[in-house]
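Engineer: Line by line, the protein sequences give chains R and U. First residue of the first sequence: 1, per UniProt numbering; consecutive thereafter. First residue of the second sequence: 1, per UniProt numbering; consecutive thereafter.
No lab work stands behind these hints, which were simulated from the structure alone. Please read all numbers here as calculations on a predicted model, not as lab measurements. Certain hints may be false.
Here are the simulated distance ranges between beta carbons [what the hints assert, rightly or not]:
| hint | chain 1 | residue 1 | chain 2 | residue 2 | range |
| --- | --- | --- | --- | --- | --- |
| 1 | R | E44 | U | A66 | 58 to 64 Å |
| 2 | U | A71 | R | G111 | 43 to 49 Å |
| 3 | R | A161 | U | V78 | 43 to 49 Å |
| 4 | R | S76 | U | N146 | 32 to 38 Å |
| 5 | R | H129 | U | V78 | 41 to 47 Å |
| 6 | U | V151 | R | V78 | 37 to 43 Å |
| 7 | R | H129 | U | S97 | 53 to 59 Å |
| 8 | R | K94 | U | K100 | 38 to 44 Å |
| 9 | U | V151 | R | G68 | 17 to 23 Å |
Only pairs whose alpha carbons sit at most 20 Å apart, straight line, appear in this in silico SDA-like list of lysine to any residue [stated by the list, open to error]:
| hint | chain 1 | residue 1 | chain 2 | residue 2 |
| --- | --- | --- | --- | --- |
| 10 | U | K80 | R | V62 |
| 11 | R | K193 | U | A140 |
| 12 | U | K86 | R | A160 |
| 13 | R | K98 | R | T48 |
| 14 | U | K80 | R | K122 |
| 15 | R | K193 | U | K54 |
| 16 | R | K173 | U | Q89 |
| 17 | U | K60 | R | E120 |
| 18 | U | K77 | U | P48 |
| 19 | U | K54 | R | N74 |
| 20 | R | K122 | R | N188 |
| 21 | R | K193 | U | V74 |
| 22 | U | K103 | R | A160 |
| 23 | U | K77 | R | K98 |
| 24 | U | K153 | U | N84 |
| 25 | U | K77 | U | K153 |
| 26 | R | K122 | R | E90 |
| 27 | U | K77 | R | P158 |
| 28 | U | K60 | R | A160 |
| 29 | U | K77 | R | F72 |
| 30 | U | K103 | R | N188 |
| 31 | U | K141 | U | Q82 |
| 32 | U | K80 | R | K98 |
| 33 | R | K6 | R | T25 |
| 34 | U | K80 | R | A157 |
| 35 | R | K135 | R | M189 |
| 36 | U | K100 | R | T48 |
| 37 | U | K54 | R | R97 |
| 38 | U | K86 | R | N74 |
For each residue, glycine too, the CB sits at the ideal point set by N, CA and C.
Given next are the chains, with one letter for each unit.
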Amino acid sequence: MMDKLKQVWRVLAKPSVHYSLGFLTIGGFLAGIIFWGGFNTALEATNTEEFCISCHEMEANVYEELQGTIHFSNRSGVRATCPDCHVPHEWTNKIARKMQASKEVWGKIFGTINTREKFEAKRRELAEHEWARLKANDSLECRNCHNFDYMDFTRQAPRAAEAHSTSLASGEKTCIDCHKGIAHHLPNMTGVKGY
Amino acid sequence: MKTVKQNVVKMAALLALTSSAFLATAADKVIHEDDFATLRGTAITSEPTPPPLKNEVDHKGTFGRAFPTQAPVVPHKVRKYQVNLKVNQCLSCHDRSRIKESKAPMVSVTHYMTRENHFLAQVSPRRYFCTQCHVAQDEAKPLVPNVFIDVDKLLEAAEAKKSAEH
Chain R
1 MMDKLKQVWR VLAKPSVHYS LGFLTIGGFL AGIIFWGGFN TALEATNTEE FCISCHEMEA
61 NVYEELQGTI HFSNRSGVRA TCPDCHVPHE WTNKIARKMQ ASKEVWGKIF GTINTREKFE
121 AKRRELAEHE WARLKANDSL ECRNCHNFDY MDFTRQAPRA AEAHSTSLAS GEKTCIDCHK
181 GIAHHLPNMT GVKGY
Chain U
1 MKTVKQNVVK MAALLALTSS AFLATAADKV IHEDDFATLR GTAITSEPTP PPLKNEVDHK
61 GTFGRAFPTQ APVVPHKVRK YQVNLKVNQC LSCHDRSRIK ESKAPMVSVT HYMTRENHFL
121 AQVSPRRYFC TQCHVAQDEA KPLVPNVFID VDKLLEAAEA KKSAEH
């Protein structure tokens, strides 16, 4: 075993005799592009709603619930999909979220949430991750669609205008502080701030 | 010969009877829509297409009350608020502990009372499902005319009648 490894290392460490430096550089560059492209393609493919709900746990619980909400059907016909709210647009943030999501796939494989009951039991914990994330990034995903600067308070419902022109405008609160449960059913909320 | 004739008569009678029974049941099956018209506006035998959901009204300020013990109607939309075993979103604004921040009116003290008039620390279970008593409003046309008269009007009328007599 050790011998084999040493042999491989020797080959790798030896300067190339058969290929020119130019070939190696360009080849490496191309391979890099292909790898990079493939990586991003995989990233894009897993960044669609179809992918999210191809998993039964998501389709039967959160997707089902989303359908009754304003983010699924509304007068303007604009739809929010799972990645719109759950995956950051910026690349580094996106990768970080994907790595976190791998853990959720783990949950799928080992069936930690494979029934409605198990999902409900786990929901508070899952929800808290999302609240913490949105709180930390000042509700970035919401703001990708809802831009505070273009909110016309005079056109909002009285209670909405009141809340938005005070705590939101001053930066004291962010969307998720006041708008929990806008897309899915809420878990037991005892002890959550604001409930 | 006689028996044959008798049999024919018997058969005819039987035929008449069964067919009349048939006719009678057929007649029973015919239900005239008008006879059964109800508040829903269509016959009881047909399933109407439901009208589209109305847009609930968002009103600034209370709608007031028609009598002192009336459960006030809700001046805002309620469709998006979840009320179940796990969470009561109405209370996230209307509970005693929340009104300072939400600037909503507190549920009145009756909501904290048991049937025996004991006070509880939290909203009483019998007042938990808010929309049982408090309803959101929309611009719908009333199905039946409302003949309610405010008690103040009745008192005024009685007063007027009294002074007219004197």
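Engineer: All hints, please: hold or fail.
Structural biologist: Checked hints:
| no. | hint | result |
| --- | --- | --- |
| 1 | R:E44 / U:A66: 58 to 64 Å | holds (59 Å) |
| 2 | U:A71 / R:G111: 43 to 49 Å | holds (46 Å) |
| 3 | R:A161 / U:V78: 43 to 49 Å | violated (18 Å) |
| 4 | R:S76 / U:N146: 32 to 38 Å | holds (36 Å) |
| 5 | R:H129 / U:V78: 41 to 47 Å | violated (29 Å) |
| 6 | U:V151 / R:V78: 37 to 43 Å | violated (49 Å) |
| 7 | R:H129 / U:S97: 53 to 59 Å | violated (26 Å) |
| 8 | R:K94 / U:K100: 38 to 44 Å | holds (39 Å) |
| 9 | U:V151 / R:G68: 17 to 23 Å | violated (41 Å) |
| 10 | U:K80 / R:V62 | holds (16 Å) |
| 11 | R:K193 / U:A140 | violated (37 Å) |
| 12 | U:K86 / R:A160 | violated (25 Å) |
| 13 | R:K98 / R:T48 | holds (13 Å) |
| 14 | U:K80 / R:K122 | violated (23 Å) |
| 15 | R:K193 / U:K54 | violated (33 Å) |
| 16 | R:K173 / U:Q89 | holds (18 Å) |
| 17 | U:K60 / R:E120 | violated (37 Å) |
| 18 | U:K77 / U:P48 | violated (26 Å) |
| 19 | U:K54 / R:N74 | holds (13 Å) |
| 20 | R:K122 / R:N188 | holds (11 Å) |
| 21 | R:K193 / U:V74 | violated (25 Å) |
| 22 | U:K103 / R:A160 | holds (12 Å) |
| 23 | U:K77 / R:K98 | violated (37 Å) |
| 24 | U:K153 / U:N84 | violated (41 Å) |
| 25 | U:K77 / U:K153 | violated (31 Å) |
| 26 | R:K122 / R:E90 | violated (28 Å) |
| 27 | U:K77 / R:P158 | holds (11 Å) |
| 28 | U:K60 / R:A160 | holds (11 Å) |
| 29 | U:K77 / R:F72 | holds (18 Å) |
| 30 | U:K103 / R:N188 | violated (24 Å) |
| 31 | U:K141 / U:Q82 | violated (27 Å) |
| 32 | U:K80 / R:K98 | violated (31 Å) |
| 33 | R:K6 / R:T25 | violated (25 Å) |
| 34 | U:K80 / R:A157 | holds (14 Å) |
| 35 | R:K135 / R:M189 | holds (17 Å) |
| 36 | U:K100 / R:T48 | violated (42 Å) |
| 37 | U:K54 / R:R97 | violated (40 Å) |
| 38 | U:K86 / R:N74 | violated (27 Å) |
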